[in-house]
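Undergrad: In case you want the letters, here they are:
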Amino acid sequence: MSDKNAIKVEPVALTRKDFVPGNEVRWCPGCGDYSVLAQVQKMFPEMGIKREDFAVISGIGCSSRFPYYMDTYGFHTIHGRATAIASGVKLANPALSVWVVTGDGDGFSIGGNHMIHLLRRNIDINVLLFNNRIYGLTKGQYSPTSLPGAKTKSSPFGSIDNPFIPASVAFGAEASFIARAIDVDVKNMQDVLMESHQHKGTSFVEIYQNCVIFNDGAFADVSNKKTRPDHALFVKHGEPMVFGADQNKGIIIDGSHPKVVDIGKEYPIERILVHDKTNPLITNLLLQMTLDNHFPTPFGVLRQVDKPTYDEGLISQIDAAKEKLGEGGLEELLALGDVWEV
Amino acid sequence: MSDKNAIKVEPVALTRKDFVPGNEVRWCPGCGDYSVLAQVQKMFPEMGIKREDFAVISGIGCSSRFPYYMDTYGFHTIHGRATAIASGVKLANPALSVWVVTGDGDGFSIGGNHMIHLLRRNIDINVLLFNNRIYGLTKGQYSPTSLPGAKTKSSPFGSIDNPFIPASVAFGAEASFIARAIDVDVKNMQDVLMESHQHKGTSFVEIYQNCVIFNDGAFADVSNKKTRPDHALFVKHGEPMVFGADQNKGIIIDGSHPKVVDIGKEYPIERILVHDKTNPLITNLLLQMTLDNHFPTPFGVLRQVDKPTYDEGLISQIDAAKEKLGEGGLEELLALGDVWEV
Amino acid sequence: MTTQVKHVDEVTIRFAGDSGDGMQLTGTRFTETTAIAGNDLKTLPDYPAEIRAPAGTLGGVSAFQLMFGSKTVFTSGDAPDVLVAMNPAALKVHLKELVKGGVILANADAFSDKNLKLAGWESNPLEDDSLSSYTLYSVQMTKLVNLALAESGLAPKSIDRTKNMFALGILFWMYNRDPEPTFRWLKEKFSKAPVLAEGNITAIKAGYNYGDITRIFNTSYRVERAEIPKGKYKSVTGNEATAYGLVAAAKKAGKEIFLGSYPITPASEILHTMSKLKNFGVKTFQAEDEIAGITSAIGASFAGDLACTTTSGPGLALKSEAIGLALITELPLVIVNVQRGGPSTGLPTKTEQSDLLQALYGRNGDGEVPVIAASTPSDCFYAAYEASRMAVKYMTPVILLTDGYLGNGSEPWKIPSVDELDDFEISHPKAEDFSEDVKFQPYKRDEVTLARPWAIPGTKGLEHRIGGLEKVDVSGDVSYEPMNHQVMTHLRVDKVAGMTREIPQTEIFGEAKAKLLVLGWGGTFGAIHVGVDRAQQKGYSVSQIHLRWVNPLPADLGDIFKNFDEILIPELNMGQLSKIIRMNFLRDVIQLNKVQGLPFKGSEIETKIYSILDKK
Amino acid sequence: MTTQVKHVDEVTIRFAGDSGDGMQLTGTRFTETTAIAGNDLKTLPDYPAEIRAPAGTLGGVSAFQLMFGSKTVFTSGDAPDVLVAMNPAALKVHLKELVKGGVILANADAFSDKNLKLAGWESNPLEDDSLSSYTLYSVQMTKLVNLALAESGLAPKSIDRTKNMFALGILFWMYNRDPEPTFRWLKEKFSKAPVLAEGNITAIKAGYNYGDITRIFNTSYRVERAEIPKGKYKSVTGNEATAYGLVAAAKKAGKEIFLGSYPITPASEILHTMSKLKNFGVKTFQAEDEIAGITSAIGASFAGDLACTTTSGPGLALKSEAIGLALITELPLVIVNVQRGGPSTGLPTKTEQSDLLQALYGRNGDGEVPVIAASTPSDCFYAAYEASRMAVKYMTPVILLTDGYLGNGSEPWKIPSVDELDDFEISHPKAEDFSEDVKFQPYKRDEVTLARPWAIPGTKGLEHRIGGLEKVDVSGDVSYEPMNHQVMTHLRVDKVAGMTREIPQTEIFGEAKAKLLVLGWGGTFGAIHVGVDRAQQKGYSVSQIHLRWVNPLPADLGDIFKNFDEILIPELNMGQLSKIIRMNFLRDVIQLNKVQGLPFKGSEIETKIYSILDKK
Ligand SMILES: Cc1ncc(C[n+]2csc(CCOP(=O)(O)OP(=O)(O)O)c2C)c(N)n1
Ligand SMILES: Cc1ncc(C[n+]2csc(CCOP(=O)(O)OP(=O)(O)O)c2C)c(N)n1
Ligand code: SF4
Ligand code: SF4
Ligand SMILES: [Mg+2]
Ligand SMILES: [Mg+2]
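Residue numbers (this note's numbering), protein chains in the order written: chain D, 505 to 846; chain B, 505 to 846; chain C, 628 to 1243; chain U, 628 to 1243.
Quick caveat, the hints were computed from the structure, so don't treat them as lab data. In this text, all values refer to a predicted model and were calculated from it rather than measured experimentally. Fair warning: there could be bad hints in the mix.
What follows is a set of in silico ranges between Cβ atoms, one per label pair, in the way DEER data are often shown [unchecked claim]:
#	chain 1	residue 1	chain 2	residue 2	range
1	U	1045	B	729	55 to 61 Å
2	C	852	D	662	25 to 31 Å
3	U	770	D	836	44 to 50 Å
4	U	780	B	749	31 to 37 Å
5	D	662	C	780	28 to 34 Å
6	D	702	U	811	49 to 55 Å
7	U	778	D	835	27 to 33 Å
8	U	1139	D	845	55 to 61 Å
9	B	766	D	836	53 to 59 Å
10	D	662	C	1074	46 to 52 Å
11	U	1102	C	780	28 to 34 Å
Backbone N, C-alpha and C fix where the C-beta goes; we use that ideal spot for every residue, glycine too.
Okay, chain D solo, but in the shape it has when bound (with noise of 0.2 Å):
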């Protein structure tokens, strides 16, 4: 692969200040949105890639304002398809470090198959996604992740609609990268920030986010700083999957079923499953758990291996035609094919 075709990874002297445009930032007091932007906007200068290599995608949303308040390049698009015309940025420019912002609307009802074929052809993009299991910016129809029963406008009587689990219909889609996030804990998604843009290939980051107008408290158990132990299992790779307030309880596999335990005598620590984010087989058991009120919801890299990723294909197809073929310009254009002369 070229030069010009790699990211600089180098250290730059950048401060968070660099990121923060003069405009007004406009959602509402209190959104979960201003968590995250702090924390991209904290976490950037860290990467050590310069300003102007960033590119900051998004659809239509509220979350999908992002790009506005980032001062790189950065591009408001279209409704749902942010990550199809992300593809297109990294794949003409892939020395840019691309950043789609996404929400559960944009990303995963509109938006649903470039979703999936970017995560497919493993495009070495960083996703996004706002989840507040709502339409903010439409102002509060049920979305794709909304739960059964939920009263919205489009939906007075509750919803009917089976949920998503965006981590999911990402394993589903053959992700590369499946992590999670909440808005409100700043330390994990600084962690799982730093590791997404670490990741090459599509990296694909849920945040729960709040939205204080049409779904507060969506995410109220494991927003509560008080509730939270109990009902969020932050899980490393290589440690046991551990959590509750005393971090005395773990997950553990019986028979072919995953269940909670009281770590102690009958379950010591040994017994209980590790994280290894290379196995589907622990990515898959942990997405079960999601939504299932018998267990935590996880968080943290759920999934991480490498794989080829399109945008070395292309470039490597390219650079390897021009060895074979003997680069193209455009003398040999014309002359191609079988030509006779009058």
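Once you've looked at the hints, dock chains B, C and U with the ligands against the given chain D.
TA: For chains B, C and U with the ligands alone, kept in the frame of chain D given last:
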């Protein structure tokens, strides 16, 4: 649920011939589509449903010509939208037995989004995905299921796309029924079709289908009767996962990984993993084996769970609203809200 | 100081404040009360594309205007007579529109240094002399509600929020409105939080009493009841009316109705309204995108439901391909497009009429689709009803164009009786009518309408296949025969062209022969009417025609045009109807094009008329 | 019987057979050979929508026509002089078009009872006397190749399949063509299966010798080399030429090129051709659908590549919304639409010109997009090149319309030299040009073109945000300001209108003042030219203008029109350009509309001209 909204299943004296219209079938000689057509024409009369209560809906592609060859109500729609159109058909007329016929391009390239949303909603529709790993009708471009390296009209240097496993996408999209069959294995296909019909909710059936013109032999290892036993695993709910010409191989879980073993002393049949179509961990395990050369390709019903369907939800919500608020007619409609008199 | 009571014919009030100040709600309550009081009225909500932009900024200002009067009211008013300004930004944005000498009612408490700065005021306009050409009422609303609600048990924040109700109370007093209906409404809305209901009621009362007692207001106004026909009324927005029209059509036809839709501003309210009507058997399907919205509706139509889909511009673009499918399969389908400012995402919360050409031509191939437009909020009911009736009668998709102004705007609607609605009969072919000898033919047409039969899956013996490939007439078989395509293309064109027979004689407001004809379509009706009316009263030779049908155009239009020297076409776009008139009648027209995300004002039409006719 | 050699000016041959008979390949080989032999020519492939419909049926017939001659050839010919009929169905479908007295070359072995019945022949036309008004050569091709290849080692099925090569051999003999290039081509194609190559070569030789030796053919023909300009030539289809044009533009501009596309008949070949050009650095991205095709291209354009997307009608419909995004963000983008028969899926493998209105108006909001059209297969190269140049120069999406006839049809193309191609310079703003004081402004326009700057992500200091919401000019900030929208809408309209400055003076074929002007656009050029030419030669007062630019229209058109009494507009649609001409020039036109999935014949135009002018 009111009666007019239920599919009527009762013995009807129909035969294969009742489903064969007079027109000529226009697939290439030797196309795998013929075999699927024959099985569907064979099984429809056995389902106990009147001919006029079947609706067959397709998109665009070779496979999507299917409705023209079934003497039922049929709709050959536009590319990628069969699942969405079928959703409307079923919700408008829940008493119909609705079948979608689609291809790997129609259903998983342009139609991927409607597909996953149908599966998520779990509308009682049967989806037959003809997977030939190629775009047939447009004369041979690679599809989202084509294998890496595939040389096709649009990938003369070999495809650099990472493929979907359609059944995995379905799984990630919360499908309640997932099965796999192959054009040439008539018996398994008949079983799968019947179980699909019997399942309430969206049934997703992937059918490996040979395109003799543009991708001949894509499934040679499992369609060739000689190699099939060693390369195909036919699963049955509650039965151990056994395969091989002499039924002498089986699947076990070793730590957190599946493994192929020879059945015998070390691995007696009792140690072989038993298929449980309701356990997502088992389904996932089968899916992970699909394109992995170390494992046989699983066929049969990989997953079947009972879940609320959207169509029943819609009807019972309407019924409940009528119950609670009184059935509204035109008069009531006009009188709704704050009315004053002048 | 004593308060005098002044009688006025019509008043325009604009409520303006922060997105969080509840201006839409305040405006709506005043509207409802005014409607019940017997005035005619029209409203115009105007809010930013952000849910809640930063407090105090110009971008965060949300406004609601209504005009009401003792005569028929055709628009939401040109310039406001009264401006309610809940903060400095609201005053900044809207002051320039207020009529000279108009009333400003401001919440003085919001004019803090910070807010003044945010809004770009150098000094406090309530205190310097800059507003001396207006009648300024500067009221410490926040402080006053805090006093009034000190004992209410409400949290300080909640108390602050009732200041809009305080302002509403003042206006109720000012215009002699009965606050009771709003009290009832509050009690119902906050039935689960009676403290909140009481708090808001107290705030209204406090405002009302403030007006009554303090006497700082030197005038209260009386707007007499309008002379409106007797009957039952309710207040509807255009979007609600559209929803009701669609459901009414289904009810009248004895059909079930299916709506496949994806939310989009400013059309979502149709979906919201219809999803509340579950007890009417309404099936609403919130699809994953606009394509699934329309295609699920096409499926429902195939299966026998009255099917419709609702959207706005970008969504209509996405539906283009599927409209072609409905067209070639000749399935009934109503496509409602609530237009907004384009191109692309454009001005998503603002009104415009710029999807006309898209509606007419936005699909591949030669494909004529009937296009009709609604002209007022309540007319949306009749237009939606008519679109449904035509779709079924002619077995065709029909596009109904409304716009953000109509969709969000409201007016009192005289509810029709069931019998007043046009007959709506549907006949589906029946099993009994066919046999081995008389086979069902899915493309056998009605001789007059050219409609093909609508056979419902589930009907024995009528099994058939349809699809997007070219069909042979009568049999419906697929055909690539050259001449067949020519014949079918003509049939499809003729079918739509033949719908002129459904169009009543064109109504002319004014003389049938005059110097100037003002020709409009859609939501500009009221403004054009006001402009033409005023000009007529001043003796100008000008008439008005407003089109419901844009495709096909009324058959009598060509002859009518001959009686006018000039045709003026005002449009909220760059001249889309003008193009259509030019191509059809080879006749030049004068264009008046406004693309500002705002409706026309009557005065803009009026001025244009004068500028044309005074030249002559 | 001796064979005479006849000299003819031009010949039209149609190859017809089952989809499995390899007619497209046979036709293509004859074409290449004929091109190399120095004739001018044009071709017209015509195949069914099914890959391989049932053998022997009428629906399964695939055909390929070419006309070649010793003068410039403008169409693929009206009626064929020679019909190669590989089976009874092929004869049935195509016989009616053959000129009286024309030659039929039939494979007698295929005229079995079963095949005759499938094709609907009552008796065998080769044996009854029904073909007596033609020159019939009934040859047992299947038997003859079996004899010739008995020892070849090929399987019987493979041998049978070489019968098309046998037929080709006969034609090579008949028209004095050198089979060598085809031998070379076969050897290359079957380099991995030399037996197959040899088998096919033997079949060609057998056919050639059969013609030479058996002498049942009483005439062999000589079509002299055409008087064509000296230079290097190659044979291209319109789709290939389009692909080369796009890549040439990128090369000339020194840019990388990105194609985002989803396969669709008849446009896929552009994608195929470009994906072969990897060593030219061409990036092809087969997207998941048309929307991803165009949006990935928009992304690539934003990131600095020369970006394009290719499709046909239904795909263009799906791209409608995204075209609006490219428009409002003012990014360069070439959108190629290879038109086919509509509406909906329509006639997917047939040609039509019915997407013109969609190209012009198929999007929400007021959005002008330049639209240009190619007129011949090789003109696709120049049109694609021009579209790219204009897109970049004006920072706008450009729609290029070709059609199935152009896309699939081929002709010899005189390859231009690198210098002959118009200059193509691009300047991107550079980091050095800006500072704290001179800030980069993403919507600051070029004074002449009104183009905004194209700043490439990765350039230091030029960080900026764009998007689909309305923008403030110069700064590019989001704005919902009413007057700003008006200003921006006008700017966008003016930018496209200003492109008239790029359009050269309109060329008139014939007198600048005449009774009749025949006005066309796109792929009908050849047929119109032939018709007009013939009429002119007969002394009729008729001229031709063919439009490359449909939006904007050339500035001189209005004046030119004044010099003609009548304007005839032949179109392969129901009159779409006619609408545009009517609306722009308020002038009536005579329409000639053909919607049969087939191109015009020169004679159709000719006849129409006479019918108009003879009346006068
Ligand atoms: C083509 C199109 N359809 C619909 C819309 C309306 N729309 C804008 S944002 C949105 C959903 C936003 O939901 P989500 O992506 O979850 O973002 P959030 O506002 O919740 O952050 C919709 C339906 C649109 N802008 N464009
Ligand atoms: C909107 C649109 N885009 C593209 C096409 C062209 N097209 C028709 S079928 C097809 C792919 C077919 O592949 P698949 O679904 O796998 O069906 P198969 O022919 O292999 O059975 C494509 C791209 C179309 N008809 N419509
Ligand atoms: S509506 Fe919800 S998601 Fe949107 S800005 Fe407000 S709080 Fe955030
Ligand atoms: S092209 Fe392939 S899939 Fe299509 S009909 Fe022929 S064999 Fe079947
Ligand atoms: Mg959301
Ligand atoms: Mg396929």
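Undergrad: Evaluate each hint against the coordinates.
TA: To see whether the hints hold, each was checked on the structure:
The hinted range of 55 to 61 Å is satisfied by residue 1045 of chain U and residue 729 of chain B, whose Cβ atoms lie roughly 59 Å apart. One distance hint, 25 to 31 Å for the beta-carbon pair residue 852 of chain C and residue 662 of chain D, is violated here, with the actual separation near 42 Å. The supplied range of 44 to 50 Å is met by residue 770 of chain U and residue 836 of chain D, whose beta-carbon atoms lie about 47 Å from each other. Distance hint check: the CB atoms of residue 780 of chain U and residue 749 of chain B are about 35 Å apart, consistent with the given range 31 to 37 Å.
Between residue 662 of chain D and residue 780 of chain C the beta carbons are some 32 Å apart, a value that agrees with the proposed interval 28 to 34 Å. At roughly 54 Å, the beta carbons of residue 702 of chain D and residue 811 of chain U sit within the given window of 49 to 55 Å. Between residue 778 of chain U and residue 835 of chain D the Cβ separation comes to about 47 Å, which falls outside the hinted range of 27 to 33 Å. About 37 Å separates the C-beta atoms of residue 1139 of chain U and residue 845 of chain D, a value inconsistent with the hinted range of 55 to 61 Å.
With their beta carbons about 57 Å apart, residue 766 of chain B and residue 836 of chain D fall inside the hinted range of 53 to 59 Å. About 49 Å separates the C-beta atoms of residue 662 of chain D and residue 1074 of chain C, a value consistent with the hinted range of 46 to 52 Å. Between residue 1102 of chain U and residue 780 of chain C the C-beta distance comes to about 50 Å, which lies outside the given range of 28 to 34 Å.
Violated hints for the displayed structure, listed by number in ascending order: 2, 7, 8, 11.
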